[in-house]
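Peer 1: Mapping to the working numbering: the sequence shown position 175 is 177, numbers consecutive.
Hints were generated in silico from the structure; no laboratory data involved.
Wrong hints could be hidden among the right ones.
To be verified - Restricting the straight-line Cα-Cα distance to at most 20 Å, the calculated cross-link-like pairs of lysine to aspartate or glutamate (EDC-like) are:
{"id": "1", "residue 1": "Lys128", "residue 2": "Glu117"}
{"id": "2", "residue 1": "Lys69", "residue 2": "Asp80"}
{"id": "3", "residue 1": "Lys69", "residue 2": "Asp184"}
{"id": "4", "residue 1": "Lys116", "residue 2": "Asp80"}
{"id": "5", "residue 1": "Lys69", "residue 2": "Glu135"}
{"id": "6", "residue 1": "Lys128", "residue 2": "Asp80"}
{"id": "7", "residue 1": "Lys69", "residue 2": "Glu163"}
{"id": "8", "residue 1": "Lys128", "residue 2": "Glu187"}
{"id": "9", "residue 1": "Lys116", "residue 2": "Asp160"}
{"id": "10", "residue 1": "Lys128", "residue 2": "Glu169"}
{"id": "11", "residue 1": "Lys128", "residue 2": "Asp101"}
{"id": "12", "residue 1": "Lys116", "residue 2": "Glu163"}
{"id": "13", "residue 1": "Lys69", "residue 2": "Glu134"}
As the list claims (entries may be wrong) - Quick list of the computed label-pair ranges, beta carbon to beta carbon:
{"id": "14", "residue 1": "Asp107", "residue 2": "Arg138", "range": "18 to 28 Å"}
{"id": "15", "residue 1": "Leu158", "residue 2": "Thr99", "range": "29 to 39 Å"}
{"id": "16", "residue 1": "Glu123", "residue 2": "Arg154", "range": "15 to 25 Å"}
{"id": "17", "residue 1": "Gly161", "residue 2": "Thr137", "range": "18 to 28 Å"}
{"id": "18", "residue 1": "Thr70", "residue 2": "Asn126", "range": "33 to 43 Å"}
{"id": "19", "residue 1": "Ser56", "residue 2": "Ile140", "range": "37 to 47 Å"}
{"id": "20", "residue 1": "Ala60", "residue 2": "Ser144", "range": "19 to 29 Å"}
{"id": "21", "residue 1": "Arg130", "residue 2": "Ala108", "range": "34 to 44 Å"}
{"id": "22", "residue 1": "Ala153", "residue 2": "Asp178", "range": "39 to 49 Å"}
{"id": "23", "residue 1": "Lys128", "residue 2": "Thr155", "range": "33 to 43 Å"}
{"id": "24", "residue 1": "Asp178", "residue 2": "Leu157", "range": "34 to 44 Å"}
{"id": "25", "residue 1": "Arg164", "residue 2": "Ala108", "range": "19 to 29 Å"}
{"id": "26", "residue 1": "Thr173", "residue 2": "Lys128", "range": "10 to 20 Å"}
{"id": "27", "residue 1": "Asn126", "residue 2": "Glu193", "range": "30 to 40 Å"}
Don't be surprised by glycine CBs; every beta carbon is placed ideally from N, CA and C.
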Amino acid sequence: MTHSVDAGQYRMTVVGWSAKLKLRINVAAIAVCCMAVLAVGGCKPAENAVTATSARPAVRPAAPSLKTPTSAVESYLDWISFSYRQMDSDLASATMTPDELVHVDAYVQFNLQKERGIEQELLNLKVRSVSEESTRAIVAASEEWRYRYFARTTLLYDGPERLVSYETTYTLVRSDGAWLVDAVEATAAGEVP
Numbered sequence: 003m004t005h006s007v008d009a010g011q012y013r014m015t016v017v018g019w020s021a022k023l024k025l026r027i028n029v030a031a032i033a034v035c036c037m038a039v040l041a042v043g044g045c046k047p048a049e050n051a052v053t054a055t056s057a058r059p060a061v062r063p064a065a066p067s068l069k070t071p072t073s074a075v076e077s078y079l080d081w082i083s084f085s086y087r088q089m090d091s092d093l094a095s096a097t098m099t100p101d102e103l104v105h106v107d108a109y110v111q112f113n114l115q116k117e118r119g120i121e122q123e124l125l126n127l128k129v130r131s132v133s134e135e136s137t138r139a140i141v142a143a144s145e146e147w148r149y150r151y152f153a154r155t156t157l158l159y160d161g162p163e164r165l166v167s168y169e170t171t172y173t174l175v176r177s178d179g180a181w182l183v184d185a186v187e188a189t190a191a192g193e194v195p
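Let the sequences and hints guide you as you build the complete structure.
Peer 2: Right under this line is the structure:
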């Protein structure tokens, strides 16, 4: 039995094969060029690189400044953010009274039961007023926060980033020359996501 192929069909097969070969060669050449650019550029992953899906490494705040009611509130906010991120309320204890520590610890424990931590960042703090007496002070403020929950075991984010604003009132007491947050009242300005 003989097979006959006409010249047109043969030419089409060779041309199709030739086009596929050229495409493969072009793709391979582009890949080699990309690898060469990366090698020459010395690209490597950054140490402690943060992806959009994992919580950022915790950064320990500066030592608490408890000399004025305003600086004490600022330190309190820095340290509770750190303690929430680390899931350890005791880390912030130097900025507050034992009564307030109970409230902060309750939130940490609540998140631990849900197997999550919270990464939060204070975007804006505007102190509206300060009323200071010898051993007691009230600081009223407006705050804007960005936060995101992450899974405790994997450190992967488990929800979207959220923005929220609060009107807050801090009650502080003076103890051994240091201002400590004793109570916090916060009202969300708008809907809390």
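Peer 1: Return the numbers of the hints above that this structure violates; sort them in rising order.
Peer 2: 1, 4, 7, 11, 17, 18, 21 and 27
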